[in-house]
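Let's have the full structure, built from the sequences with the hints guiding it.
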Amino acid sequence: MTTLRPENTPGLPDGFEDTAEFEAAVDQLADPLTDPLPIAGSAPARWPRPSSATPGAMPYPTVAPQPQPQPAPQVTAQLPLVEPPGAPRRAERPTPRRAETTAPLPVVPPAEADPVPGGRAARRRAARSGHAAQPPSGEPELPPAPGGRAARRKAAKHGGRAPAAAPTPASAPRQPTSRLEARRAARAAKDSPGVIACRVLGEVFITIGALMLLFVAYQLWWTNVLAHEASNSAANSLQHQWNSKHSSNDDRNPGAFSPGQGFAIIYIPKLDVEAPIAEGTDKTKILDKGMVGHYSGAQATAMPWAKTGNFALAGHRNTHGEPFRYINKLVPGDKVVVETASTYYTYEVTSMLPQTSPANVGVIQPIPVGSGFTQPGRYITLTTCTPEFTSKYRLIVWGKMVDVRPRSEGKPDALLGG
Numbered sequence: 362m363t364t365l366r367p368e369n370t371p372g373l374p375d376g377f378e379d380t381a382e383f384e385a386a387v388d389q390l391a392d393p394l395t396d397p398l399p400i401a402g403s404a405p406a407r408w409p410r411p412s413s414a415t416p417g418a419m420p421y422p423t424v425a426p427q428p429q430p431q432p433a434p435q436v437t438a439q440l441p442l443v444e445p446p447g448a449p450r451r452a453e454r455p456t457p458r459r460a461e462t463t464a465p466l467p468v469v470p471p472a473e474a475d476p477v478p479g480g481r482a483a484r485r486r487a488a489r490s491g492h493a494a495q496p497p498s499g500e501p502e503l504p505p506a507p508g509g510r511a512a513r514r515k516a517a518k519h520g521g522r523a524p525a526a527a528p529t530p531a532s533a534p535r536q537p538t539s540r541l542e543a544r545r546a547a548r549a550a551k552d553s554p555g556v557i558a559c560r561v562l563g564e565v566f567i568t569i570g571a572l573m574l575l576f577v578a579y580q581l582w583w584t585n586v587l588a589h590e591a592s593n594s595a596a597n598s599l600q601h602q603w604n605s606k607h608s609s610n611d612d613r614n615p616g617a618f619s620p621g622q623g624f625a626i627i628y629i630p631k632l633d634v635e636a637p638i639a640e641g642t643d644k645t646k647i648l649d650k651g652m653v654g655h656y657s658g659a660q661a662t663a664m665p666w667a668k669t670g671n672f673a674l675a676g677h678r679n680t681h682g683e684p685f686r687y688i689n690k691l692v693p694g695d696k697v698v699v700e701t702a703s704t705y706y707t708y709e710v711t712s713m714l715p716q717t718s719p720a721n722v723g724v725i726q727p728i729p730v731g732s733g734f735t736q737p738g739r740y741i742t743l744t745t746c747t748p749e750f751t752s753k754y755r756l757i758v759w760g761k762m763v764d765v766r767p768r769s770e771g772k773p774d775a776l777l778g779g
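If you're matching positions, the sequence shown starts at 362 in this note's numbering and goes up one per residue.
One or more of the hints may lead you astray.
What follows is a set of in silico ranges between Cβ atoms, one per label pair, in the way DEER data are often shown [as the list claims (entries may be wrong)]:
hint	residue 1	residue 2	range
1	GLY658	SER752	16 to 22 Å
2	VAL565	ASN593	36 to 42 Å
3	THR568	THR669	54 to 60 Å
4	LYS644	PRO554	45 to 51 Å
5	VAL586	TYR687	38 to 44 Å
6	LYS644	GLY563	36 to 42 Å
7	LYS551	LEU572	29 to 35 Å
8	LEU632	SER703	22 to 28 Å
Simulated from the structure, these hints should not be mistaken for lab results.
All C-beta atoms, glycine included, are put in the ideal place defined by N, C-alpha and C.
Spelled out as structure tokens, the structure:
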């Protein structure tokens, strides 16, 4: 510190009697470069205007002491500014000097340091603007707190920093950062033409498979349901017609029935078969309705009440009522009964031809070829397709008449379990 000496001043200021007292007062002045700062919260010093009674003298400011647990601060005496003779008076306000005090500065722990410089008011301004206060030199600048007012308030409570976000799961997809990247991601997410074609082809195959399953279910199950209803209705109609008082109960000659007209009922007790017999072998109008067809027209055969001849019948083995499905299980001696308007005709199975060509019409001749019969008689022939679910070949069963019983005498023994 540079001090004033008597040899530098032409005279002593007012209030000093000798040079030693002036030097002592100068030594007690505070140095603004080395003395400690005033206590935080103390009242600011006020500079009085220069007194007109003492021209050229500028008193130093006094610091109002604050109540502290320590002794009151010691304030040095005011030292008037002495200017050398002839020097012009400076109009500027001299730089104030802080008064020396004996109170120590408070030590703030690092944990209680304000995270945002400037105090509470600065933090509130930072929270309103969404930006944290400028960090000290050497620290990276923090980005503004995202979100609305609530997010900025939370950021202000954390010292201008936004709360740590929850860690993003590893499986979460990365969001595109630009429009071009978003377009590329959208194109990559679309299926290729090959994938679309395979998908369409697979759906077509699945649809076709489902339709085929429905068709199989229709053929194997639903056609039987419909055929049984139709055949039962036809059989009941015949029974009602025969039991009517207006019925003549007379058997007619062959050809007296129109195609598709029912005229008899066949019973196979061993197979639990009961089906109406209609004139003709038309597949749609007769066989598909669960009925048994009588060969007529160009391949006309005899009727049961004929004196001699072969009563030839055809029926489905699978689907549409399948009345002849299990005729391959018939053996010689099994009975077949044909009921007409006036008579029961009973036949006994004699032989079987497991497989023959559909063109072999000799099996339905008056004396069937391959049946073992050699003389004219009253025969019955049952024909159906073989193997099952195909129509490649024909299965033939032959029998001969063994009993004729009028309906008025009741049912024959074959239908009664005899």
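A quick look at each hint next to the structure:
no.	hint	verdict
1	GLY658 with SER752: 16 to 22 Å	holds, 20 Å
2	VAL565 with ASN593: 36 to 42 Å	holds, 41 Å
3	THR568 with THR669: 54 to 60 Å	holds, 58 Å
4	LYS644 with PRO554: 45 to 51 Å	holds, 47 Å
5	VAL586 with TYR687: 38 to 44 Å	violated, 19 Å
6	LYS644 with GLY563: 36 to 42 Å	holds, 37 Å
7	LYS551 with LEU572: 29 to 35 Å	holds, 31 Å
8	LEU632 with SER703: 22 to 28 Å	holds, 25 Å
The earlier numbered hint that this structure contradicts is number 5, and it is the only one.
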